[in-house]
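J.: So the sequence lines, in the order shown, correspond to chains A, B and C. Residue numbers in the first sequence follow our numbering, run continuously in steps of one, and reach 447 at the last position. Residue numbers in the second sequence follow our numbering, run continuously in steps of one, and reach 125 at the last position. Residue numbers in the third sequence follow our numbering, run continuously in steps of one, and reach 544 at the last position.
By construction, these hints were calculated from the structure, which means they are not laboratory data. Predicted model, so just to flag it, every value in this text is computed and none were measured. The C-beta atom is built at its ideal place from N, Cα and C for all residues, glycine as well. Accuracy of the hints is not assured; some may be wrong.
Said to hold, decoys possible - Distance ranges between label pairs, derived from CB positions: (1) C:501 with B:75: 29 to 37 Å; (2) B:17 with C:261: 51 to 59 Å; (3) C:136 with A:180: 25 to 33 Å; (4) A:418 with C:189: 33 to 41 Å; (5) B:107 with C:214: 31 to 39 Å; (6) B:123 with A:38: 56 to 64 Å; (7) A:35 with C:192: 29 to 37 Å.
To be verified - Some chain B residues near chain C, calculated using beta-carbon distances under 7 Å: (8) 37; (9) 39; (10) 43; (11) 87.
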Amino acid sequence: MTYSPHTDADRATMLAAIGVASVDELFDDIPASVRAGGWDVPPPLAEQEVRAELARLARRNRIPEVSFLGAGVYRHLVPAVVGEVIGRPEFATAYTPYQPEVSQGTLQSIYEFQSLICELTGMEVATASHYDGATATAEAALMACRLTRRDRIAVSAGVSPDTRRVLATYCSGPGIEIVTVPIDLSQGGTGTTDPAVAAAALGSDAACLVAAQPNFHGQIEPMRDLAEVAHAAGAQLVAVVEPTSLSILEAPGAYGADIVAAEGQPLGIPASFGGPFVGLMAARMGSVRQMPGRLVGATRDVEGRRGYVLTLQAREQHIRREKAASNICTNQALMALAATTYLAAVGPSGLREVAELSITQARHLVTALESAGLARRRFGGSYFAEVTVTVPDAARRHAALVEQGIVAGHLAERDEPDLRDTLLLATTELTTDDDIDRLVEALAATR
Amino acid sequence: MSYPDDAVYSREHEWVRADGDLATVGITSFAADELGDIVYVELPEVGSVLTQFATFGVIESVKAVSDLYAPVSGNVVEVNDALRDAPELLNSDPFGEGWILRVELSDPGQLDTLLSAAAYAAETN
Amino acid sequence: MSVADAPGVHDPSGRGSAFSGATGGTSESVVEPLVFERSRPGRRAVRFPAASERARAAAIGQPVVPEFARRAAAPGLPELSELELLRHYNRLAHLNQAIDLNFYPLGSCTMKYNPKVNEWAAALPGLADSHPFDPEPLAQGSLELMWLLAELLEDISGFCAVSLQPAAGAHGELTGMLMTRAFHRDNGEGEQRRKVLVPDSAHGTNPATATMVGYETVTIPSNQRGGIDLGALRGALGPDVAALMITNPSTLGIFEDQIDQVVAAVREAGAIAYMDGANLNAILGRFRPGAAGFDVMHFNLHKTFSTPHGGGGPGAGPVGVGERLEPYLPAPIPVLAEGDPAEVRANAWAGRSTPGARFALDADRPRSIGKVRSCHGNFGMFVRAYTYIRSNGGPGLRTISEDAVLAANYLRVRLRDAYDLPYDRPNKHEVVFSGRRQKREHGVSTLDIAKAVLDHGMHPPTIYFPLIVEEAMLIEPTETESLETLDRFVSVMHDIAGQVAADPDSVRRAPVTTPVGRLDEAAAARRPDLRWAHDGDEETASPA
Numbered sequence: 001m002t003y004s005p006h007t008d009a010d011r012a013t014m015l016a017a018i019g020v021a022s023v024d025e026l027f028d029d030i031p032a033s034v035r036a037g038g039w040d041v042p043p044p045l046a047e048q049e050v051r052a053e054l055a056r057l058a059r060r061n062r063i064p065e066v067s068f069l070g071a072g073v074y075r076h077l078v079p080a081v082v083g084e085v086i087g088r089p090e091f092a093t094a095y096t097p098y099q100p101e102v103s104q105g106t107l108q109s110i111y112e113f114q115s116l117i118c119e120l121t122g123m124e125v126a127t128a129s130h131y132d133g134a135t136a137t138a139e140a141a142l143m144a145c146r147l148t149r150r151d152r153i154a155v156s157a158g159v160s161p162d163t164r165r166v167l168a169t170y171c172s173g174p175g176i177e178i179v180t181v182p183i184d185l186s187q188g189g190t191g192t193t194d195p196a197v198a199a200a201a202l203g204s205d206a207a208c209l210v211a212a213q214p215n216f217h218g219q220i221e222p223m224r225d226l227a228e229v230a231h232a233a234g235a236q237l238v239a240v241v242e243p244t245s246l247s248i249l250e251a252p253g254a255y256g257a258d259i260v261a262a263e264g265q266p267l268g269i270p271a272s273f274g275g276p277f278v279g280l281m282a283a284r285m286g287s288v289r290q291m292p293g294r295l296v297g298a299t300r301d302v303e304g305r306r307g308y309v310l311t312l313q314a315r316e317q318h319i320r321r322e323k324a325a326s327n328i329c330t331n332q333a334l335m336a337l338a339a340t341t342y343l344a345a346v347g348p349s350g351l352r353e354v355a356e357l358s359i360t361q362a363r364h365l366v367t368a369l370e371s372a373g374l375a376r377r378r379f380g381g382s383y384f385a386e387v388t389v390t391v392p393d394a395a396r397r398h399a400a401l402v403e404q405g406i407v408a409g410h411l412a413e414r415d416e417p418d419l420r421d422t423l424l425l426a427t428t429e430l431t432t433d434d435d436i437d438r439l440v441e442a443l444a445a446t447r
Numbered sequence: 001m002s003y004p005d006d007a008v009y010s011r012e013h014e015w016v017r018a019d020g021d022l023a024t025v026g027i028t029s030f031a032a033d034e035l036g037d038i039v040y041v042e043l044p045e046v047g048s049v050l051t052q053f054a055t056f057g058v059i060e061s062v063k064a065v066s067d068l069y070a071p072v073s074g075n076v077v078e079v080n081d082a083l084r085d086a087p088e089l090l091n092s093d094p095f096g097e098g099w100i101l102r103v104e105l106s107d108p109g110q111l112d113t114l115l116s117a118a119a120y121a122a123e124t125n
Numbered sequence: 001m002s003v004a005d006a007p008g009v010h011d012p013s014g015r016g017s018a019f020s021g022a023t024g025g026t027s028e029s030v031v032e033p034l035v036f037e038r039s040r041p042g043r044r045a046v047r048f049p050a051a052s053e054r055a056r057a058a059a060i061g062q063p064v065v066p067e068f069a070r071r072a073a074a075p076g077l078p079e080l081s082e083l084e085l086l087r088h089y090n091r092l093a094h095l096n097q098a099i100d101l102n103f104y105p106l107g108s109c110t111m112k113y114n115p116k117v118n119e120w121a122a123a124l125p126g127l128a129d130s131h132p133f134d135p136e137p138l139a140q141g142s143l144e145l146m147w148l149l150a151e152l153l154e155d156i157s158g159f160c161a162v163s164l165q166p167a168a169g170a171h172g173e174l175t176g177m178l179m180t181r182a183f184h185r186d187n188g189e190g191e192q193r194r195k196v197l198v199p200d201s202a203h204g205t206n207p208a209t210a211t212m213v214g215y216e217t218v219t220i221p222s223n224q225r226g227g228i229d230l231g232a233l234r235g236a237l238g239p240d241v242a243a244l245m246i247t248n249p250s251t252l253g254i255f256e257d258q259i260d261q262v263v264a265a266v267r268e269a270g271a272i273a274y275m276d277g278a279n280l281n282a283i284l285g286r287f288r289p290g291a292a293g294f295d296v297m298h299f300n301l302h303k304t305f306s307t308p309h310g311g312g313g314p315g316a317g318p319v320g321v322g323e324r325l326e327p328y329l330p331a332p333i334p335v336l337a338e339g340d341p342a343e344v345r346a347n348a349w350a351g352r353s354t355p356g357a358r359f360a361l362d363a364d365r366p367r368s369i370g371k372v373r374s375c376h377g378n379f380g381m382f383v384r385a386y387t388y389i390r391s392n393g394g395p396g397l398r399t400i401s402e403d404a405v406l407a408a409n410y411l412r413v414r415l416r417d418a419y420d421l422p423y424d425r426p427n428k429h430e431v432v433f434s435g436r437r438q439k440r441e442h443g444v445s446t447l448d449i450a451k452a453v454l455d456h457g458m459h460p461p462t463i464y465f466p467l468i469v470e471e472a473m474l475i476e477p478t479e480t481e482s483l484e485t486l487d488r489f490v491s492v493m494h495d496i497a498g499q500v501a502a503d504p505d506s507v508r509r510a511p512v513t514t515p516v517g518r519l520d521e522a523a524a525a526r527r528p529d530l531r532w533a534h535d536g537d538e539e540t541a542s543p544a
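Put together the whole structure using the sequences plus the hints.
T.: In structure tokens form, the structure reads like this:
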């Protein structure tokens, strides 16, 4: 089926007006040697048929009954009101607000988003959003290179492997060198970035230190100390944060972060096998002209009414072309709207409850595993709502549990060979006591 | 359009008003009109060196961006800080309060390579 | 603005006047207050359960979040009831123009109808709740969908492989240019090939992308007929050229009728032929870039394949490649690890799963440029695009392009007496007019004309793009607009042309029926106000 409204009579009317006998004539400018022959695209489906096909694929997935998987993507409650708002066609089927007079809904919601991200991060300015946390981090690192006019960056090994892979790809473009700041991953190690090791990696010519709070292993990093060593080296601190944690953890703006990047998925966006998500980026006002991506600003209309427009556009590719700070064109407006609605729906106390519940269940989980003699924490120090535990024979047992529909977190050795026999377990406000019991029982049964 | 006779002009739409070895540089009203509402100027630092016909800064309007080309070579001795807060001066008074910088000319002979007001007016017509 | 002049009575909570904000006030009127201004301390929309006794007891003894890492004050998020929140965003929604409301002929953006069954599919819990790092045995449906979509995109484009990772068209361009660089590097020509050729009609993303990869952009002029100047292209090609990036059909809506020679010249020079696929909606079933010799192209799922534009994203920008660039694709890619591809396809086309088939993510690709995005890309967009392609099927896709081209040509002939048509020749899915006559004769700019369109309830065309057309208006009707809608647009554009001649001042005052009038963009850029800030905010410095 197609969504074309044209009847044969309509088409005849248009062909006659154009003055051609058939639509084929309108394709005569395609050189004969490269005109398409056949293709293998299957025949059309009616709505009931296409629904059956998509339902088949959805059924082929097995959504686990119990899952402690996070590793950068978290299962949180998505309040019904969030789905309602982003499902509105006035938001979903509009495009980039090039005509502000008929785009105030989108523009104001982005201004609210920028404001909310500033509130969360304690920074002065936030962009209208990026593709995801990883590309926001990569763009933040490139921005630090522009600001410092340096072409080497230091990245903590506590930044998620997925993000570090994207960072490496982005840096390969302009030829920026990446130095990894190793962290102690041994049993009983700190699991955090050592400021002295970071200082050595930074040397005197690095543009930035990229560090995550909490880090990929769930550990709480000494961000203030990391900011100090970065600044002492004339470098910027790029803080990669988890947004729900900011209801409890210190705002990056308060510990001296120069640029903040984050994956916004935990703010009301489903896991959806990895996207669409939304990247957050915030910085100091003094750096705004080096920020990539869209910005919305407040102004007034001809009658003095408050209104919003895309602003500082001369930084962007459609005006600056080859001299632009980035090639980024769209933001992730609809996902930014989801995050905006989520933050307004939960408010300051709700966001705190989300974080506290997640934290409590993480500790409940560790206690339950330890007291059953199944696992012990890998690292010292403190953690947030994700925790790395050592479990003998982890790979086999992880696989055995998958067959029962239980995902015992992320098998850490997949990304980090030094982390054999460890699991990275995430809890959120949706983690129940029963989930913890079932994980403990199932793990015990694989001994 | 007519242009002040006490200045000379470059084809990149900058003007120069010399007073001995010191010269004041700005953009012409033609350039300002072409750009539209100017919102930002990236100014060089005092002490930096301009090379004739090389870029020395960037000027942005709401929907355009343009490089600034030095009409003469020399050391920058002063920049118009008022433009940081009020870039609109470039639109409202390009030959006066909207001046951009002053240089110490390294080769006053370069002035002779530039256009007179009448010649510039003819070029932009 | 922001706080200082925000209206409202003083708030006894001491959180600043903006928190109590209301409409009206002496200094500024407000169409809809900010969500912050609707906030009242103590209100909630969503509540969460308390941790159980047992959980709390079990947590005791575990390390707490240390004091040094704790935040001093809660973030200043707004507090609203669910109904207040919903009304706020519903009111904002009413301020937007959208495809679902009216005609939206924004050239180069392909604002076609976004079918609702696509949304139904993307929201299926089995897909929406699928975690990107779920072990492969649990994610066979997601992986099969990605594999099938890639297969279909290959069929459509004639490329031999596709990566779904890029999150937008510009992101696909970046991916393509990184692959280009890796290819030349492996051929020992990485140092020598430094230039990317881009026609002057190109989207700004093309040169910006080239810069991100460290390439120098060389602009190639268009010829009198709106195509790339083949002589200039041949003159620019040489051993220092890495790639040509070309949009086809071009941003003028014109198919490059010498595209065979263009591709041959680029390949002969040892360069990569990159096609910007932004305008693929015009040529489905008529031109397959991979089969025509292009090395790489990005798709815009949000244009050609009907995923919603979302007010500026999310999009998705998969890239298709020919054999030369296949080894460099971003990893991992979904593969059929066990099973016969032909059988799996045939079954899927018949709505059946294939027993014994196993899908996996192949990360073992040593020459890959790496990852360009976390996880696997904008999966929710893949679901929609797959649904759309299967709904239309091969014949439907062909009809889409025919009808899109028919509609654009119809507008060309219906509007050419009212506005200048710089390239009067059959076009593809979009057509560019110029408002230069109106500007010259009546002092009414294309911007004014666009604003007048708003007063007729329609969205205006893209204006001032492509840059090579003075006072450009780029009109893309798409295939989903009825003849009555097209006729109504024609009559609106004629009415405006008449109004320009009869009463130019009234056009310069437009729009007058929109929620706000023309906005002071210069003031917004000169003194940026990029965030709301309440009085006495101690956590953050206030912006300049």
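J.: Which hints, by number, does the structure contradict?
T.: Those not satisfied are hints 1, 10.
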